[in-house]
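2 protein chains.
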Amino acid sequence: MGRVIGIGVGPGDPELLTVKAVNAIKSADVIIAPRTEKKEGSVALDIARGYIGETTQVIYQIYPMIMGFEKDTGAWDDNAGQIIELVQTGKQVVFLTLGDPMFYSTYIYIFNRLEKAGIAVETVPGIPAFCAIASQLGRSSVEGDDILSIIPATAPEEKIRQALAACDSAVIMKVSKNLDRIAEMLADTNMLEDSVLVSRCGLPDQEVIENIATEKHRRLNYLSTILAKGNI
Amino acid sequence: MGRVIGIGVGPGDPELLTVKAVNAIKSADVIIAPRTEKKEGSVALDIARGYIGETTQVIYQIYPMIMGFEKDTGAWDDNAGQIIELVQTGKQVVFLTLGDPMFYSTYIYIFNRLEKAGIAVETVPGIPAFCAIASQLGRSSVEGDDILSIIPATAPEEKIRQALAACDSAVIMKVSKNLDRIAEMLADTNMLEDSVLVSRCGLPDQEVIENIATEKHRRLNYLSTILAKGNI
Chain A
44 MGRVIGIGVG
54 PGDPELLTVK
64 AVNAIKSADV
74 IIAPRTEKKE
84 GSVALDIARG
94 YIGETTQVIY
104 QIYPMIMGFE
114 KDTGAWDDNA
124 GQIIELVQTG
134 KQVVFLTLGD
144 PMFYSTYIYI
154 FNRLEKAGIA
164 VETVPGIPAF
174 CAIASQLGRS
184 SVEGDDILSI
194 IPATAPEEKI
204 RQALAACDSA
214 VIMKVSKNLD
224 RIAEMLADTN
234 MLEDSVLVSR
244 CGLPDQEVIE
254 NIATEKHRRL
264 NYLSTILAKG
274 NI
Chain B
44 MGRVIGIGVG
54 PGDPELLTVK
64 AVNAIKSADV
74 IIAPRTEKKE
84 GSVALDIARG
94 YIGETTQVIY
104 QIYPMIMGFE
114 KDTGAWDDNA
124 GQIIELVQTG
134 KQVVFLTLGD
144 PMFYSTYIYI
154 FNRLEKAGIA
164 VETVPGIPAF
174 CAIASQLGRS
184 SVEGDDILSI
194 IPATAPEEKI
204 RQALAACDSA
214 VIMKVSKNLD
224 RIAEMLADTN
234 MLEDSVLVSR
244 CGLPDQEVIE
254 NIATEKHRRL
264 NYLSTILAKG
274 NI
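So the sequence lines, in the order shown, correspond to chains A and B.
Residue numbers for the first sequence follow my numbering, beginning at 44 and rising by one.
Residue numbers for the second sequence follow my numbering, beginning at 44 and rising by one.
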């Protein structure tokens with residue numbers, strides 16, 4: 044029997060993989076690279092590519108909605124089934140995920156299926172985008188006894204407003220077509236002024252937007268994150 | 044002129060350093076290892092030790108309260124001054140921090156002083172403890188469109204209660220002598236049942252407490268974190 048190692052490749056810079064993740068990739072027989080239906084290629088695979096050996100097999104698996112909910116469970120079952128077969132033939136399988144595998148990742152749904160099937164799974168954490176962004180900007184994500192809310196921009200407005208009111212600093216994830224309403228809510232909680240948005244952190248086409256208010260009407264890449272602080 | 048690289052060594056397992064952090068340590072002339080007044084040695088140094096070259100100088104710097112606020116600013120100024128002198132003599136200085144340098148770390152206060160003095164500083168993110176804990180337990184820290192509150196147990200009770208009420212999942216940091224009141228607040232928001240506490244994650248004396256309710260009266264190491272989920 045082989046086994047599965049799910050690893051977080053971090054947000055973009057290949058040097059932000061952990062030593063453990065690199066070792067797992069180097070000793071893998073098979074790399075599973077998740078991709079969406081719409082786009083060719085896999086961002087996670089691009090980040091990890093430099094560590095993958097020449098004889099390692101790479102399998103793309105299509106996930107119906109890579110950053111959202113477990114919608115089409117049939118596709119998930121099929122993908123898990125393919126991994127289980129590989130493990131049963133003795134393969135060391137490495138499953139790549141962007142950022143951290145247990146932090147807003149659909150990896151958990153694959154993990155749960157593999158665990159249920161009695162497959163040995165190890166998970167290796169990765170650097171979440173908000174940590175990489177904070178380091179790159181030279182700005183703390185949160186300090187001292189402050190409370191940090193991590194909020195997907197896709198959550199219901201009432202919940203977002205409540206969470207913003209209950210924190211000192213905020214990280215807004217998955218900001219893409221929601222920038223308008225997020226900017227409005229940040230303004231209402233007096234957090235817009237001390238906000239910065241980073242899109243595709245550590246990737247070649249990274250973008251930093253310091254003045255969110257003037258950029259409200261843009262539609263951003265889904266790998267976009269805002270760091271915000273209250274002005275209290 | 045030399046420069047400073049501030050790196051996060053992650054929560055405990057030396058293999059959870061990033062490739063970038065390891066490279067920085069290997070090419071450093073001087074390693075700054077922060078320690079508290081009370082305890083000999085430095086946890087961050089212990090984690091990084093295997094990557095430090097034989098000829099690299101290690102300097103311990105005492106910080107008045109390593110996980111809290113910037114209290115004794117004189118000590119901070121002195122420590123920053125020592126680093127600035129090293130850089131001015133052309134040294135490559137690596138400053139070690141536990142976890143991630145921009146996430147509840149006092150590194151930001153050193154970073155701000157160095158930036159102000161015109162010193163070139165690069166910061167390398169690290170794995171936060173909550174991510175390592177989630178991977179190790181095989182449990183997501185947060186999923187889908189859920190909101191995650193990250194709450195220091197040392198925050199005022201009213202703020203903690205408000206933040207717990209406004210989130211779906213929570214990470215409670217710096218749980219040590221506060222376990223009693225935190226357990227009570229988690230129970231009140233119906234989150235205690237699906238909570239788990241991990242102390243000194245990835246270190247040799249790591250401890251996992253699945254049933255927090257029965258352990259309420261213990262005093263824990265300050266490197267203790269709770270992952271909690273609501274039962275809605």
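Bear in mind the hints are in silico, worked out from the structure with no lab data behind them.
Even for Gly, the Cβ is constructed at its ideal location relative to N, Cα and C.
Wrong hints could be hidden among the right ones.
[Stated by the list, open to error] For each label pair, taking beta carbons as the anchor points, the in silico distance ranges come out as: (1) B/E80 x A/T116: 49 to 59 Å; (2) A/D231 x B/A230: 26 to 36 Å; (3) A/G96 x B/T132: 41 to 51 Å; (4) A/D231 x B/I102: 17 to 27 Å.
Comparing the hints with the structure gives:
1. A beta carbon spacing of about 55 Å between B/E80 and A/T116 agrees with the range 49 to 59 Å that was offered as a hint.
2. The supplied range of 26 to 36 Å is met by A/D231 and B/A230, whose beta-carbon atoms lie about 32 Å from each other.
3. At roughly 43 Å, the beta carbons of A/G96 and B/T132 sit within the given window of 41 to 51 Å.
4. Hint check: A/D231 to B/I102, Cβ distance near 47 Å, so the stated range 17 to 27 Å is violated.
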